[in-house]
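Asks: One-letter residues, chain by chain:
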Amino acid sequence: MNILTIARKGLKQRKLASALTAFSIALGTMLMVAVIVLAGAVDGVFNQQAIGYNLIVGAKGSALQLVMSTVYRIQPPIANLPLMYLEQLREDPRVEVAIPMAFGDYTKPEHGSFPIVGTTTEYFLNEYAPKKTFQIEDQPGSRQLTKLYDAVIGSQVAIKNDWQVGDTFSIVHGSADSDKIHDETFEIVAVLQQTGTPNDRSVFLNLEAVYILDGHQKPIDEVETRLRDFYGDDADRLTRGLWQLDQLRKERAAGEAEGDPERGYGIDTPEAMKEVTAVLVNMRSDFDAVRFQSQLKSTSKAMAVNPIRPIKQLMTQFVGPTKDLLMVLIAMIILVSGVSIFVSIYNSMSDRKKEIGIMRALGAQRNSVFAIILAESSVLCVGGGLLGWIAGHTVAVVASPWISAWTGLLLNPWYVNPYEFVLFPVLLVLGVLVGFLPAMTAYRTNVADALQG
Amino acid sequence: MSLLLQNVQKSYLEPSGSRLPVLDIERYELPQGQQAALVGSSGGGKTTLLNVVSGILAPDSGEVVIDGRDIAKLHEVVRDRFRASRIGFVFQTFNLLPAFTALENVLLGMSFSGRKVDKEFAVFLLERVGLQHRLDHLPQRMSVGEQQRVSVARSLANKPVLLLADEPTANVDPANQELILNLIRDTCRENNVTLLMVTHAMEVANAFDRIDRLHDFNRLAPKPQEAGS
Numbered sequence: 014m015n016i017l018t019i020a021r022k023g024l025k026q027r028k029l030a031s032a033l034t035a036f037s038i039a040l041g042t043m044l045m046v047a048v049i050v051l052a053g054a055v056d057g058v059f060n061q062q063a064i065g066y067n068l069i070v071g072a073k074g075s076a077l078q079l080v081m082s083t084v085y086r087i088q089p090p091i092a093n094l095p096l097m098y099l100e101q102l103r104e105d106p107r108v109e110v111a112i113p114m115a116f117g118d119y120t121k122p123e124h125g126s127f128p129i130v131g132t133t134t135e136y137f138l139n140e141y142a143p144k145k146t147f148q149i150e151d152q153p154g155s156r157q158l159t160k161l162y163d164a165v166i167g168s169q170v171a172i173k174n175d176w177q178v179g180d181t182f183s184i185v186h187g188s189a190d191s192d193k194i195h196d197e198t199f200e201i202v203a204v205l206q207q208t209g210t211p212n213d214r215s216v217f218l219n220l221e222a223v224y225i226l227d228g229h230q231k232p233i234d235e236v237e238t239r240l241r242d243f244y245g246d247d248a249d250r251l252t253r254g255l256w257q258l259d260q261l262r263k264e265r266a267a268g269e270a271e272g273d274p275e276r277g278y279g280i281d282t283p284e285a286m287k288e289v290t291a292v293l294v295n296m297r298s299d300f301d302a303v304r305f306q307s308q309l310k311s312t313s314k315a316m317a318v319n320p321i322r323p324i325k326q327l328m329t330q331f332v333g334p335t336k337d338l339l340m341v342l343i344a345m346i347i348l349v350s351g352v353s354i355f356v357s358i359y360n361s362m363s364d365r366k367k368e369i370g371i372m373r374a375l376g377a378q379r380n381s382v383f384a385i386i387l388a389e390s391s392v393l394c395v396g397g398g399l400l401g402w403i404a405g406h407t408v409a410v411v412a413s414p415w416i417s418a419w420t421g422l423l424l425n426p427w428y429v430n431p432y433e434f435v436l437f438p439v440l441l442v443l444g445v446l447v448g449f450l451p452a453m454t455a456y457r458t459n460v461a462d463a464l465q466g
Numbered sequence: 308m309s310l311l312l313q314n315v316q317k318s319y320l321e322p323s324g325s326r327l328p329v330l331d332i333e334r335y336e337l338p339q340g341q342q343a344a345l346v347g348s349s350g351g352g353k354t355t356l357l358n359v360v361s362g363i364l365a366p367d368s369g370e371v372v373i374d375g376r377d378i379a380k381l382h383e384v385v386r387d388r389f390r391a392s393r394i395g396f397v398f399q400t401f402n403l404l405p406a407f408t409a410l411e412n413v414l415l416g417m418s419f420s421g422r423k424v425d426k427e428f429a430v431f432l433l434e435r436v437g438l439q440h441r442l443d444h445l446p447q448r449m450s451v452g453e454q455q456r457v458s459v460a461r462s463l464a465n466k467p468v469l470l471l472a473d474e475p476t477a478n479v480d481p482a483n484q485e486l487i488l489n490l491i492r493d494t495c496r497e498n499n500v501t502l503l504m505v506t507h508a509m510e511v512a513n514a515f516d517r518i519d520r521l522h523d524f525n526r527l528a529p530k531p532q533e534a535g536s
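In the order they appear, the protein sequences are chains C and D.
Position one of the first sequence corresponds to residue 14 (this note's numbering), numbered consecutively onward.
Position one of the second sequence corresponds to residue 308 (this note's numbering), numbered consecutively onward.
One chain only, chain D, in its complex shape (with noise of 0.2 Å):
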């Protein structure tokens, strides 16, 4: 099993000093290399799940498993480095540093994980995602799509268990969303890797074999009728 939440539950205190439940989870699993379309209304918890899971945000009580590992009990120190070596992130806005070139960004992303910094696997990555004659530029100097790309290709830097992609192609125009789309879903293929893609939009989900309706298992997220009204 990649990702197991079980009995997962996250609530942010409000500036009244109540608190705001966002998350309550029975039992989620996405097993190993499997592939599952995460949607679901705005201001559900997508986002929050997707912080709960990569350990960015640590949940009030639950477990968070993943490949074996229960990152909610982890320290935070070991959590951070967990999350650096086994799990890719994909973000809407590709987050690349912008005083770092293509192969910067990349290695970057390997930097934190502890271990040694592989050049030729990140110049493989880029080469893989097609921006070999990129290497060396800036993000300013790349088109979104490429810019997008580099984000794929730095997810994968520490050969991760687990990518997160939270609405990865929002922001790319037409023409790149099914390259990028194909691109995240081809290379965790050809790797194994676990994916979890958020999206609002049902073209994309409908790429996917899994669709996930986070209504369907966190009690908290409103139903699309709800989500309306």
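Isolated chain C, as found in the complex (with noise of 0.2 Å):
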């Protein structure tokens, strides 16, 4: 018979308060496992090469609001760019290459609000990450974004849906709250494989598809000052956006001259009416994307974006702070429960006089009983710290897909931090801490006058 199990039988004994101490060494536990697995994931998604692309060109406005709604799609955009701005872009011998995107729009609440993504085909032959490429799911029926009214959905949306190639949906417009239904349906065409990036809870419409829905055509007149403010400075861009506008007009006025309101409204509406909410770009060299955004910096049509930058600041100076601000609180948290065990302990000691003295009446040596006190100390510490640990990452388990639902964040909630390997030891070092003043006590214990007790 060992010290740990003379330890173990002594914390049965006194079951209710072992229970309660060792559950309020697992609650704090808890609580800091979970606050380093949901931080440490949160830091892992976002700093993680979550796209791969060097550059996010967009409206000119928060360099990370244009990454949070570009990337990870959980903020609204800025503003859009005209389409025309693509054409100019792709015409840069720099550019390797531009991806348009336009988001804005989100599956209705009972879908689960998933974000709307138009682009094009392009987007899915490019790696999503650093040598990845996205993989769609092997079923019946699988292509690209031909059609109009295609859709390629995430791995998370076909889940949370029970979606599959062939099933349709329809699509609210604004935000993910709006009550607006657009009527278009929507046909799956391909279901994305797991990506463990935003792209896993996002639907991909065709481009095209996305200029007619309804409310998404500006009126021709703000269009028109928006082109005046934008090229300003491009004579040629201007005229030729200019003309396509006047045409427009022109169209609208004789259709409803002639009885047809729609003309001029569908898939041919010109170039110069469509807009895009970012472009992802990727320069031919890191000096030339560096080059370009600085340039960019000095006009006022667009800015351009290193993804990884404002997400570095961001969890420099909030998400860090804030997250080693709550570590103190609850090492303090784990702190008082310690306090609680020594409390625990050392008022059974004046019960269990009588038993130290009767192991040492049996031939135990004071150090022995030093170590079945120590024993008990540290087996409720890390006993309640294993448990906190597993009830740690339950309520990682339990509450990622609520968190993926409340901030898009795609969390592991599987995630093992390093810090979580120093957890163990220094409940150990607190157990001993806690137990020390104690097992001094039963160290100390008078064996005669314990007997006669």
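Don't read these hints as lab results, they were simulated from the structure.
Where is the CB? At the ideal position from N, CA and C, for every residue including glycine.
Just to be clear, a hint being listed does not mean it is correct.
Claimed, not checked - Example chain C residues on the side facing chain D (calculated, C-beta under 7 Å, incomplete):
#1 K22
#2 Q26
#3 L29
#4 A30
#5 I371
#6 L375
#7 G376
#8 A377
#9 D462
Unchecked claim - With a straight-line Cα cutoff of 27 Å, these simulated DSS-like cross-link-like pairs (lysine-lysine) come out:
#10 D:K426 / C:K25
#11 C:K367 / D:K530
#12 C:K25 / C:K263
#13 D:K530 / C:K22
#14 C:K22 / D:K466
Take the two lone chains, each set in its own frame, and fit them into one complex as the hints suggest.
Replies: Here is the structure:
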């Protein structure tokens, strides 16, 4: 019968007190592990190369918002850029790839309010993250976005709605809680395999389809104003754009005169009327990317953002310190739990005086009874910590779908942060510290007196 | 010689700072395998004597020789180990650990001796005291007689040379008194264990061939008539 067995028996004898003190440690550890896991997972999500492009080009505004809306799709877009600007980007010899993205709509709330992304098939042919390419589920009838109302869905969207290739759905306009449902129905033509990125909870539509949805076309006069603002220094493009708008005005006027009010609103809408929310760009070199960024800074047209930098700033300035503050608070909770273990064991010492006296009379050495009490406090701390560790990860497992739905972040609840490996040695030290004084009491027990008691 | 006390003195420090002498024994001996009942008045130092003999208390001076070793001269750690391996103890209040089953209480007695824990022998001892059906029972589920029998089994777990029994039948009902007494005496006889049993009850003492009166060898113990006055 070893020290641990004897300690376990001692704890069993004081079941309620032992359970309560272990529970308090478990609770603190659970909170700490949950914070570590969730913060670590958030950190992992944001710090990973979630995007295989080195620049995002969007309307001038917050760099963080552009990244959050384009890459993570958890914030509304800033504003739009003329689609003509995409053409301009593609003409730049430094640009290797430029892929348009248009978003702002969502699936219906009952379908999970997943963000809708209008793009081109090129998006799926490029790497979504460095050295990672999209794969689709092997389902009969799978194909690229070829028809106007085709849709490709992410793995989470498919799981949430139990959607497969061939299923159809409609979307809501403007925001996730909007009650305006577009009349058009989209057919799923491919289901993406899980990527571990925000693509998993995105629905991709043909970019052209986005332009013809009701409410997506702005009044011609408003578009003209924006074009004049945007291309004030580019007479050629401005002229071409204004000419297209004039032609559209005439066509719509003719349509109304001839009793065809739909004319000029369909798929043949001129390019000048179309906008994109952001453009994913891969430059031919990092040097080109830096130069292009600084070049755009000096104009009022658009901005180009390295998708990693704003996130790193966010992590450094807000998420990191918040996590640290939480960790300090939780460490104090665990410390208080440790004190409660100390109080519990210390208070039990007077009741256990005789028990210790008996063991000593049977030949137990002072060191042995000292070790038994230390083992008890250590078992409570480490055992409670182990329970808390399991509970913490269970909380993460339970909470991750909810957090994903709420924030749009995909979390891996089984993510084990290196901090967690430090937790158990720390709890062991805590157990030894809080058990030391009671153990000394046991060590100093006067056997003859204890047996009389 | 199993037990030899020579020139043993023991006193306690009182709160006032003065010392209260309790034992002053010139010589007391108990040969190997012999059984003796030790009787004496309350407050005469019987329990102190057992504590000194068992090594729980160190004497102020003198020799306490057990199985050829003077335990008074041993370091506490060695004395503890010696007590665990050579001396058995049966207490008046049984002193079983409540969280441990009958078998575990006996095994616990073995755990501190430094020898290998012999579960088979522990079971044998419990069978010997008639508790083969109670191995996995906790003390609170057993009668006082059964508890004392577990205590007897535990005291023999390390095959001691000397068994000290402090009024082992005092808390046991009359029906069990004789059973316990015979059990202790028989098992000691079977294993050639020297037995020193403290008792108040003369009917218990009279069962022994040898009855030692404390005041006969402890100069500080009051004689019975003195105790009554």
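Asks: Would you mind marking each hint as holding or not holding in the structure?
Replies: To see whether the hints hold, each was checked on the structure:
About 4 Å separates the beta-carbon of C:K22 from the nearest beta-carbon of chain D, less than 7 Å, and the hint is met. The closest approach between the C-beta of C:Q26 and any C-beta of chain D is roughly 4 Å, which is under the 7 Å cut-off, so the hint is satisfied. Contact between C:L29 and chain D, as hinted, is not supported at the beta carbon level, the nearest pair being about 14 Å apart and thus beyond 7 Å. Because the beta carbon of C:A30 sits about 13 Å from the nearest beta carbon in chain D, more than 7 Å, this interface hint is broken.
For the restraint placing C:I371 at the interface with chain D, the shortest Cβ-Cβ distance is roughly 5 Å, inside the 7 Å limit, so the hint holds. Taking 7 Å as the C-beta cut-off, the interface hint given for C:L375 holds, the closest approach to chain D being about 5 Å. The interface hint given for C:G376 is met, as the beta carbon of that residue sits about 2 Å from the closest beta carbon of chain D, less than 7 Å. Because the beta carbon of C:A377 sits about 5 Å from the nearest beta carbon in chain D, less than 7 Å, this interface hint is met.
About 10 Å separates the beta-carbon of C:D462 from the nearest beta-carbon of chain D, more than 7 Å, and the hint is not met. For the hint linking D:K426 to C:K25, the alpha-carbon distance of about 22 Å falls within 27 Å, and the restraint holds. Taking the CA atoms of C:K367 and D:K530, the gap is near 32 Å; set against the 27 Å cutoff, the hint is violated. At most 27 Å may separate the alpha-carbon atoms for a hinted pair to count; C:K25 and C:K263 exceed this at roughly 89 Å.
Among the hinted pairs, D:K530 with C:K22 is inconsistent with the structure: their alpha-carbon atoms are about 46 Å apart, more than 27 Å. Distance restraint check for C:K22 and D:K466: the Cα-Cα separation of roughly 25 Å lies within the 27 Å cut-off, and the hinted pair is therefore satisfied.
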